[in-house]
Amino acid sequence: MPGSIPASATVDELAQAAQRPGGWLRQVLDFTRQRPLGAIGALIILFMVVLAAGAGWLAPYDPLETDYGAMLAAPSAGHWLGTDAYGRDVLSRIIYGSRTALMVGLGASLLGATLGSLIGVASAYFGGRIDLTVQRFMDVLFAFPVIILALAVVAVLGTGAGNVILAIAAPMVPRCARVVRASALAVREMPYVDAARASGFGHGRIILRHMMPNVMAPILIMATAFLGEAILLEASLSFLGLGVQEPTAAWGLMLRGAAVQFAESAPWMAIFPGLAISLGVFGFNLLGDSLRDALDPRLRTQ
Amino acid sequence: MGTYIFKRLLAMIPTLLGVAVLIFVLLRIVPGDVVEARYLAQGSQFVSQDLMNQERAKLGLDKPLWQQFTSWMGGLLRLDFGVSMWTGGEISEEIKLRFALSLQLAIMASTIATLLAIPLGILAAVKQDTWVDYAIRIFSIAGLATPSFWLGILMILTMLIVFKWIPPMMFTPFWVDPWLNLQQLIWPALAVGYRYSAVGTRMMRSAMLEVLREDYIRTARAKGLWIKLILSRHALKNAILPVLTIISLEFAFLLGGLVVTEQVFNLNGLGMLFVEAISRRDYTMTQALVMLVATVFLLVNFFVDIAYAWLDPRIRYR
Chain D
1 MPGSIPASAT
11 VDELAQAAQR
21 PGGWLRQVLD
31 FTRQRPLGAI
41 GALIILFMVV
51 LAAGAGWLAP
61 YDPLETDYGA
71 MLAAPSAGHW
81 LGTDAYGRDV
91 LSRIIYGSRT
101 ALMVGLGASL
111 LGATLGSLIG
121 VASAYFGGRI
131 DLTVQRFMDV
141 LFAFPVIILA
151 LAVVAVLGTG
161 AGNVILAIAA
171 PMVPRCARVV
181 RASALAVREM
191 PYVDAARASG
201 FGHGRIILRH
211 MMPNVMAPIL
221 IMATAFLGEA
231 ILLEASLSFL
241 GLGVQEPTAA
251 WGLMLRGAAV
261 QFAESAPWMA
271 IFPGLAISLG
281 VFGFNLLGDS
291 LRDALDPRLR
301 TQ
Chain S
303 MGTYIFKRLL
313 AMIPTLLGVA
323 VLIFVLLRIV
333 PGDVVEARYL
343 AQGSQFVSQD
353 LMNQERAKLG
363 LDKPLWQQFT
373 SWMGGLLRLD
383 FGVSMWTGGE
393 ISEEIKLRFA
403 LSLQLAIMAS
413 TIATLLAIPL
423 GILAAVKQDT
433 WVDYAIRIFS
443 IAGLATPSFW
453 LGILMILTML
463 IVFKWIPPMM
473 FTPFWVDPWL
483 NLQQLIWPAL
493 AVGYRYSAVG
503 TRMMRSAMLE
513 VLREDYIRTA
523 RAKGLWIKLI
533 LSRHALKNAI
543 LPVLTIISLE
553 FAFLLGGLVV
563 TEQVFNLNGL
573 GMLFVEAISR
583 RDYTMTQALV
593 MLVATVFLLV
603 NFFVDIAYAW
613 LDPRIRYR
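If you read the protein sequences in the order shown, they are chains D and S. My numbering puts the first residue of the first sequence at 1, with every later residue one more than the last. My numbering puts the first residue of the second sequence at 303, with every later residue one more than the last.
Treat the hints as calculated values from the structure; they're not laboratory data. Nothing here was measured: the structure is a model prediction, and the numbers come from that model. Cβ coordinates follow ideal geometry from the N, Cα and C atoms, glycine included. Keep in mind that a hint or two might mislead.
As the list claims (entries may be wrong) - Chain S stretches covered by chain D per the calculated footprint, using a threshold of three residues with CB under 8 Å from any CB of chain D:
#	stretch
1	383-393
2	399-411
What the hints assert, rightly or not - Every beta carbon over 10 Å from chain S, so not counted as near; a handful from chain D, in silico:
#	residue
3	25
4	27
5	32
6	55
7	61
8	71
9	162
10	166
11	178
12	246
13	247
14	270
15	289
Kindly produce the complete structure, drawing on both the sequences and the hints.
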């Protein structure tokens with residue numbers, strides 16, 4: 001099970017990694033050699049970050065600029081990936097769309113993982129009746145399918161990027177809390193937690209300073225796994241018209257409406273934004289997978 | 303075992319009650335109600351408050367919240383979901399056909415996912431860190447990364463452009479015409495099944511890797527047992543449990559969570575119904591759907607636990 005990573009082993013692991021001589025370049029090269037798939041993932045993510053950061057320079061057109069003289073134009077030298085039903089350049093919208101994907105993805109997974117792990121660690125730390133109550137509440141949230149909970153939150157808060165982040169983070173909280181709690185239960189029994197308690201430190205300090213750093217590995221794994229999922233969920237919500245709203249450039253939004261309607265005559269509208277979603281999520285999943293393998297010593301090749 | 307089963311069933315009640323309270327409250331926080339939504343849909347925005355209040359009273363929306371909640375709960379205890387606030391029809395009648403569709407799709411997709419995950423996972427584990435392993439991992443991670451709805455669009459597009467054929471768009475129940483039914487449902491089942499196989503493949507691979515390190519496998523190898531026999535007799539038996547678990551747990555999510563895929567394939571399943579119901583502020587329908595999916599989820603969980611305790615003598619039930 002993903003949650004049963006012995007926290008002590010991972011801490012040793014991280015300490016070892018930190019002490020390895022040769023600086024960060026050497027470490028990057030080591031990682032590349034040992035986990036080529038993870039390196040490819042990192043490369044894809046880097047590419048996406050560059051696209052998002054440099055969208056202003058890299059995009060050949062303004063993503064919102066309509067050109068009624070070139071509606072549904074096929075890919076050509078002028079528009080590499082063609083244009084959509086309003087004559088907007090598909091490539092430029094994909095490049096700007098990476099901003100939406102990264103912003104919502106990062107925002108939601110950071111929020112979800114932070115809240116979830118805080119709840120998980122606190123629940124394990126306090127134990128007893130508090131733990132039981134929190135776990136029952138998490139069970140309740142857990143019983144909702146991810147997209148249904150996200151849709152319900154969107155219905156309450158309304159659409160738009162900020163609300164979409166909250167809606168996507170909501171179903172991640174119980175998932176993260178459950179996994180992190182399992183690891184935190186082991187950490188709670190460690191002598192240094194007893195020592196911290198005996199020194200009279202407050203609950204908040206013990207949870208934040210002593211327990212959280214030692215369950216960082218599962219949190220990191222959950223957060224990277226969430227990233228890809230969050231981007232997918234954002235695309236799904238936008239596709240339903242319940243996420244980011246037009247005319248903002250977002251990949252899921254680009255697949256909606258006209259893309260399906262004109263799929264036969266203008267397939268580039270349906271193909272390329274979906275490719276962008278897949279590639280982006282693929283990158284995050286590759287990195288997340290390798291990270292999990294690297295941080296979970298039980299799965300290493302002997 | 304009997305008391306364990308009973309206790310586990312009993313433990314579902316507070317969770318379900320929590321789900322009921324949560325969705326009840328969430329829906330009441332959503333701005334607007336069914337009466338407003340209906341007049342907005344008709345395009346008549348200027349309706350007197352009196353008229354709207356009369357309609358609210360007809361639906362019981364004027365009663366205090368606790369009364370609405372208890373009467374809903376009372377109905378649920380008698381397995382009566384009540385009537386839809388939007389159409390006025392019996393909810394159990396309206397859900398019936400859509401439930402059949404979603405259930406069939408979920409069963410087909412999980413079957414496809416299992417059939418892909420188990421052999422691929424075993425192969426990847428046995429050939430760990432070779433190109434076979436990498437190819438399988440890329441295949442499964444790509445599946446996880448590809449939105450099923452986009453895969454669906456691509457499928458329809460390919461069939462349209464290459465074969466000049468599109469799957470039937472009207473739902474035919476399996477018992478009416480199985481062939482026509484499969485023609486329509488096999489595509490979404492493939493798109494979704496491929497995606498969900500990825501989780502299973504990954505699980506199968508790591509479970510298999512773990513099992514292959516166990517002492518009894520080494521013993522079997524040292525005895526000179528044939529590798530295939532080791533895999534099927536010793537390793538598979540122990541590695542398959544978590545995979546079946548993860549796929550069955552996904553099952554409940556497949557039942558209610560295929561909102562987007564249903565939209566692409568024009569299927570009127572539970573997911574689409576949920577989106578419609580929530581946008582119409584149809585409280586009773588939304589509540590019924592959420593309770594249905596949550597109950598299925600808890601039941602699947604329950605059966606998985608029972609199966610575990612039954613299959614694996616190391617797990618002690620309390």
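(message) Please check whether the stretch 399-411 of chain S has three or more residues whose CB lies within less than 8 Å of a CB on chain D.
(response) Result for this restraint: violated, n = 0.
(message) Is the coverage entry for the stretch 383-393 of chain S by chain D consistent with the three-residue Cβ rule at 8 Å?
(response) violated (count 0)
(message) Does residue 247 of chain D clear chain S by more than 10 Å, comparing its Cβ with all Cβ atoms of that chain?
(response) holds (21 Å)
(request) May I ask you to check that residue 270 of chain D keeps its beta-carbon over 10 Å from the closest beta-carbon of chain S? (result) Violated, since 5 Å does not exceed 10 Å.
(request) Decide, holds or violated, for the assertion that all CB atoms of chain S are farther than 10 Å from the CB of residue 61 of chain D. (result) holds (24 Å)
(request) Decide, holds or violated, for the assertion that all CB atoms of chain S are farther than 10 Å from the CB of residue 25 of chain D. (result) Correct as stated: the minimum Cβ-Cβ distance to chain S is 24 Å, above 10 Å.
(message) According to the definition I'm using, a residue is off the interface if its beta carbon is farther than 10 Å from all beta carbons of the partner; does residue 71 of chain D meet that for chain S?
(response) Check passes; 20 Å lies beyond 10 Å.
(request) May I ask you to check that residue 178 of chain D keeps its beta-carbon over 10 Å from the closest beta-carbon of chain S? (result) holds (12 Å)
(message) If I take the minimum Cβ distance from residue 246 of chain D to any residue of chain S, is it greater than 10 Å?
(response) The claim holds: residue 246 of chain D sits with its nearest Cβ about 17 Å from chain S, beyond 10 Å.
(message) The output says residue 27 of chain D does not contact chain S. Does that hold with a beta carbon cutoff of 10 Å?
(response) holds (20 Å)
(request) Beyond 10 Å from every chain S Cβ: check whether that's true for residue 289 of chain D. (result) violated (6 Å)
(request) Examine each Cβ of chain S, and state whether all of them lie more than 10 Å from the Cβ of residue 162 of chain D. (result) holds (17 Å)
When the structure is compared with the earlier hints, violations turn up for hints 1, 2, 14 and 15 and for no others.
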